[in-house]
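**Student:** Sequences listed follow chains A and B, in order.
Quick note on numbering: UniProt numbering labels position 197 of the first sequence as 197, and the sequence is numbered without any gaps.
Quick note on numbering: UniProt numbering labels position 113 of the second sequence as 113, and the sequence is numbered without any gaps.
Don't take every hint at face value.
Pairs count within a copy or across copies, as identical chains cannot be separated in the list.
[To be verified] Below, in silico cross-link-like pairs of lysine-lysine (DSSO-like), each with a Cα-Cα straight-line distance of 30 Å or less:
| hint | residue 1 | residue 2 |
| --- | --- | --- |
| 1 | LYS66 | LYS193 |
| 2 | LYS143 | LYS129 |
| 3 | LYS143 | LYS83 |
| 4 | LYS143 | LYS61 |
| 5 | LYS83 | LYS146 |
Derived by calculation from the structure, the hints in this document are not laboratory data.
2 protein chains.
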Amino acid sequence: MNPHTVKTYGEELDQLSAEVILMGGLAEAQVADAVEAVARRDVALAQSVIQRDQRLDELEKDIERKAIRLIALRQPMASDLRKTVSAMKIATSLERTGDLAKNIAKRSLVISESEPMSGLTRSIERMGKLVSSRLRDVLDAYKGSKLDIAQAVWSSDTEVDEHYNAMFRELLTYMMGDPRTISACTHVLFMAKNLERIGDHATNMAEHIHYEVTGEDYMNERPKLTTMEP
Amino acid sequence: MNPHTVKTYGEELDQLSAEVILMGGLAEAQVADAVEAVARRDVALAQSVIQRDQRLDELEKDIERKAIRLIALRQPMASDLRKTVSAMKIATSLERTGDLAKNIAKRSLVISESEPMSGLTRSIERMGKLVSSRLRDVLDAYKGSKLDIAQAVWSSDTEVDEHYNAMFRELLTYMMGDPRTISACTHVLFMAKNLERIGDHATNMAEHIHYEVTGEDYMNERPKLTTMEP
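Only chain A is shown next, with the shape it has when bound in the complex:
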């Protein structure tokens, strides 16, 4: 006997959003902790990020199961259906965000075994703070159905790309200057790429919120930085 069957329709919808918000808080913490593990060469913190990722996987499966059940049994229409679908889609973005944070944590373990590269890890820290603030904003937008915040996150996507491109150039210089650092630098390069992709997920979530609130399928063409670093 499934306890949810005694819930009302509205309660089920609210529970779905609440679970997405919970998941969002955890994903945000995973990103912040992964970046801190890099900055502080904190092996224990990195390992806890890696271990905690599973919780996000479970939450995503649970949200998806509940959303599909709700669609099948309650046949939500219009804004309720959009709310249910965007919960599913945002949960998917948050699960991917967690995977990327986990990967950053894993790489932090690898580079913690080589010489510190303070300049580079400080850049990762700066980029991490920027991406974390995007995540925080988009989750606020989701909580309060705030279109203006979602729009702001969506428009600021290029800022993350600029950080990434700057890091890419910084890494090339570093590697060319001291080829012995190339192996460690490739890990930093992937960390930066992961942060950029987390920024993309924040932008995608902003689009889902826009769709949920307005019913318009997509925002205008996303602002993308033209760059030699595809």
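Could you slot chain B onto chain A? The hints should help.
**Tutor:** Positioned in the frame of chain A, the structure of chain B alone reads:
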């Protein structure tokens, strides 16, 4: 008036699978062409891959819309519901596969401007052929609900990882040997990473097929290569 409303339930389910199979064929071609564009330094082919990606995005949206509509209006149960959900999930994996192929095509344009690195691009070609065959197999498994093929794709995931790790080592050697190639090599590194991720999507699709056919949520713990290259 939506033409689907006059379709029968069975017809709608079949149409959903047919659209996923169509999408799969296109995604497979995108990967093969992207890799060929790298190997042949074929700018025109790379540009056509980039331009064709949009079709995959449209197909994913269409499959998702139809699947959600089917869940809401037909309330499929048991195996029909699994079939509908896995169509949605496989479409998502195929859309991501297309994005990764598009990114490989974009990077091929960048490296086509620098000195040929035949050894490296041959390795990309080999890895691309392996990943393409995984995609082909998993799509065959989907078409025929063939559990054994899905299982084989799922178990062979480590083979792609081994290729990636070998390429990673090859790239490090190349970069250290001639630091002027570092910039171009980072693009090849991301190409290899993209192919590895396409391989992961093939594995995910195999899991969705397993779920669709058996109703068991997941296969046993996925075989993952332990590696210094997370």
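**Student:** Determine which of the earlier numbered hints do not hold for this structure and return their numbers in increasing order.
**Tutor:** Violated: hint 1 alone.
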